[in-house]
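*Asks:* Here are the chains, one letter per residue:
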Amino acid sequence: MDYFFELFLGGLTRGSIYALIALGYTMVYGIIELINFAHGEIYMIGAFTGLIVISVLTFMGWPTLAIIVMAALIAMIYSAAYGFTIEKIAYKPLRGSQRLSALISAIGMSLFLQNYVLLAQTSNFLPYPNLIPEWEWLKPYAHIVRPTEIVLYISTALVMVALTYLIKFTRMGKAMRAVAQDQEMSMLVGVDVNRVISFTFIVGSAIAALGGVLVMSHIGQINFYVGFIAGIKAFVAAVLGGIGSMPGAVLGSLVLGWTESFFTGYISSDYEDVFAFVFLVLILIFRPAGLLGRSDTDKV
Amino acid sequence: MMSLQEIKKSFLVSLWFMFLTFPIMVIKVNTIEQTIDWRWWRMAGVGLGAFCLSFVWRYAMARKEAGKKKAEDDNIVKVPLFQRLLSDRRFTIPGLVTSVALVVIFPFVFSWYQTGILITALIYVVVGLGLNIVVGLAGLLDLGYVAFYAVGAYSYALLNYHFGVTFWMALPIGGLLAMIFGILLGFPVLRLRGDYLAIVTLGFGEIIRLVLENWNEFSFGPSGIANIPKPGLFGLKLSLQESTIYLYFLMIGLALMTIFVVRRLQDSRIGRAWIALREDEVACQAMGIDKTRTKLSAFALGATWAGMGGVVFAAKTAFINPASFTIWESVIILCVVVLGGMGSILGVIIGALILILLPEYLRAFSEYRMLVFGALLVVMMVFRPGGIISGVRRIYHFEEPQQSTDNQKA
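For the record, the sequence lines run as chains B and Z.
Here my numbering = 1-based position in the first sequence + 39.
Here my numbering = 1-based position in the second sequence + 29.
Derived by calculation from the structure, the hints in this document are not laboratory data.
Some hints here could point you the wrong way.
Partial selection, computed: residues in chain Z whose CB lies under 8 angstroms from chain B [said to hold, decoys possible]:
1. I53
2. M54
3. L170
4. L187
5. D224
6. V229
7. E358
8. V360
9. E389
10. A393
11. F402
12. V407
Even glycine gets a Cβ: it sits at the ideal position worked out from N, Cα and C.
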C-alpha cells in the first residue's frame, strides 16, 4: 500500500508538471487552432531566467523566500514577454493562411529559441538550486513526497482555480470564449481579437514559466533542450484531455502522469514512453476528440 | 522616407528587444565558481540589430501587404515569375538540358563528399514526395512519417544481417513492409481528424523508435547495426568512391521514378479523390468516394516511398541506430514539403535541396547554423506562406465568344 501511495504521488507530480505546460498549449489552441510548438521553449526560457535571477540574488545575499518569489515573478514576466513577441513576429502575419504554414513557423521559432539559449548561455546541464526549505513535519515522509512537490501541487491547483475564474467570470474571459467560438463574429460585436490573442499568449506563457521554475528546482538541473521533450509530453496530455478544453488539459495531464507512474512502478521502466503513447492512441480510437473534448459534427 | 515617427517606432522596438534578451544574453552565471559575468556589449549589439532589422521587417511587410492588395484589385491569379518561366517552352527545354547535364557530370567534377551530400538530398526528395502524397494531396497531417523510414532502413539492415539479403532484394521488401505498417497505422486513425491525427502519428513514430531502442534482442538497441553493405553492381568490386557515384546515379533513377509515379498518380482517379478529400471530407463522401480506401491508399503509398528511402539511407550510411529516426527527422521532412509548396512536385524537390544543402553549406558558421535555419523557416513562412512554389489550382477560363464581331469585320 505504501508503494502504491508513492507511485500515486509520483504520478500526481508528473501530472502537475504536464498540466502547467499543457494549459498554455490548450489555451492557444482553443483560440487560434495552432499547435504552438515553441511553447516548450517558452517554458525552458522561463526556467533559465529563473535560474539567472536566483543566482544573481543569491550572490547579492537576499533572503531565501524573497529570492523564490522574485525568481518566479521575473521568470513569469519574461516568459510572458517572449510569448507576446513570438506571437507578433511568427504567428500574427500568418493568420488566415494555411494552418500548416503557421505550424512550420512555430517549429522554426522553437529551433531558433533553443539555439538562442544554447549560444547565449551554454549547452551543458546546469545545476538548478532547490530553494524550497525542508519542512520539519514532512521529514518522516521524505521518501514519498518532498516539499517542492507539495508546492507544485498547490501551485497547479491555484493556477487552475485562477484560470477558471478568469475564463468564467471576467470580461476578458468572456471575450476569450467568444473568440474561441467564432473569431469573425466576435470581431463584429466589438471584441478586440488581437488583444485577446496577445492576452492568451501572455497568460499561457506566464503559467509555463511558473511551471519551469518549480519543475527545474524539483529535478535539479537544466539545459536548453528540456523544453522540447516536456512540450511534446504536455501536448500529448492536452490532446488526451481534449485540446481546447482547460479542465481537459489538467485531467489529461493527471491521467498521463498516473499511467506513466504506475506502469513504470509495476511493469517495466524501459517502455514507459511507449506505454504512454499506446495509451494515447487507444483513448483516441475510442474517443476521437479526447476525454473532455467536444466532437463537432461537420456541416457542408 | 524615414520619418521621425518610424525612427521612434524602431527605437521602441530595439528597446523592447534589449529588455527581452537582457537576462539570457547579458548575464552569465557560473554556478560552480559563484561568479557572474556581465556582458553589456551584447546588449548594445541586440539594440542596434533590432533597430536596423525593424526597418527591414516593416518595409517587407508593407510590400507584402501592397502585393496582396494589388492581387485582390486586379482579380487575377498572379503566377510568380519563376513559374511563368517554367511553363514557357522556350525556357523549359534549355533548362531541362542544362539540369540533366549538371546532374550527370556532378559526381565527376565535385568530390565524393559533395556527392554524398547530394545523395542525402535526393533521399529527402524521394521521401518528401512520399509525404507529399499524405500531407500535400490527401491533407492528412502526419508527424510520425519517420517511422516508415525507420522500417525501411531496419528491414534492410536486419534482413542483411540475418539472411544476407542484398540491396536490390531489400528495396522492394523495405517498401512493402513500410506499406504494411502504413496500412496498420491507417486503420485506427481513420476516424481522427486534423491535429488528433497529427499527435497519433507522432505517437506512432515515437513508439517505433522506442521499441527499436529498447528491444535489444531484435534491433541491437541504441548501439545500432553497423557494416551494412552498399548496393552491388553485378558482383563487381567497387571502391568507396565508385560505389558513391553508383549510389548517386541509382538515387537519381529512384527520384525520377518517384517523380514519374507521383505525377501520374496526381492526375489519376485516386489522386483526384485525395485532393477532394483534402478539400472537404463530407462533400467528398457525398460524391461517392470511398473515404476508407482513399485514406488508406494515401497512407500506404506515402509509406512505401519512405520505406525505399530508408533502405537507401541504410545503404548509404552503412550504420543505423534509433537516434537517426527521432521526431526531428519527421519535422524536417514535413518542412521539406511545406517549404517547397504543398502539393507541388517541383516545390518538394527545391525544398529538399534547400533544407539539406543549406545546413551543410552553413557549416562555415558552424554553431550559428541551426539558429539561422530556424529564423529562415519563420521568415520564409511569414513572407511566403504558400511555400516557394505554391501549387496553382487548375482553373478553367471561360471567355466570352467574340466570333460575332470578328465575322462582321471579315
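*Asks:* Now look at each hint and say whether the structure bears it out.
*Replies:* Going through the hints against the structure:
1. With 8 angstroms as the threshold, the beta carbon of Z:I53 comes within range of chain B, its nearest partner Cβ sitting at about 5 angstroms, so the hint holds.
2. The criterion of a C-beta within 8 angstroms of any C-beta in chain B is met by Z:M54, whose closest approach is roughly 5 angstroms, and the hint holds.
3. Taking 8 angstroms as the C-beta cut-off, the interface hint given for Z:L170 holds, the closest approach to chain B being about 7 angstroms.
4. For Z:L187, the suggested interface contact is broken, since its CB lies about 19 angstroms from the closest CB of chain B, more than 8 angstroms.
5. Using the Cβ-Cβ criterion of 8 angstroms, the hint placing Z:D224 at the interface with chain B is satisfied: the shortest such distance is roughly 6 angstroms.
6. Evaluation of the Z:V229 hint against chain B yields a held restraint, the C-beta minimum of about 5 angstroms falling below 8 angstroms.
7. Checking Z:E358 against chain B: minimum C-beta separation of about 13 angstroms lies over 8 angstroms; hint violated.
8. Because the closest C-beta pair between Z:V360 and chain B is about 6 angstroms apart, less than 8 angstroms, the hint holds.
9. Using the Cβ-Cβ criterion of 8 angstroms, the hint placing Z:E389 at the interface with chain B is not satisfied: the shortest such distance is roughly 16 angstroms.
10. Because the closest C-beta pair between Z:A393 and chain B is about 16 angstroms apart, greater than 8 angstroms, the hint is violated.
11. With 8 angstroms as the threshold, the beta carbon of Z:F402 comes within range of chain B, its nearest partner Cβ sitting at about 6 angstroms, so the hint holds.
12. This hint holds: Z:V407 has a C-beta 4 angstroms from the nearest C-beta of chain B, less than the 8 angstroms allowed.
In terms of the numbered hints stated before, the structure departs from hints 4, 7, 9 and 10, listed from lowest to highest.
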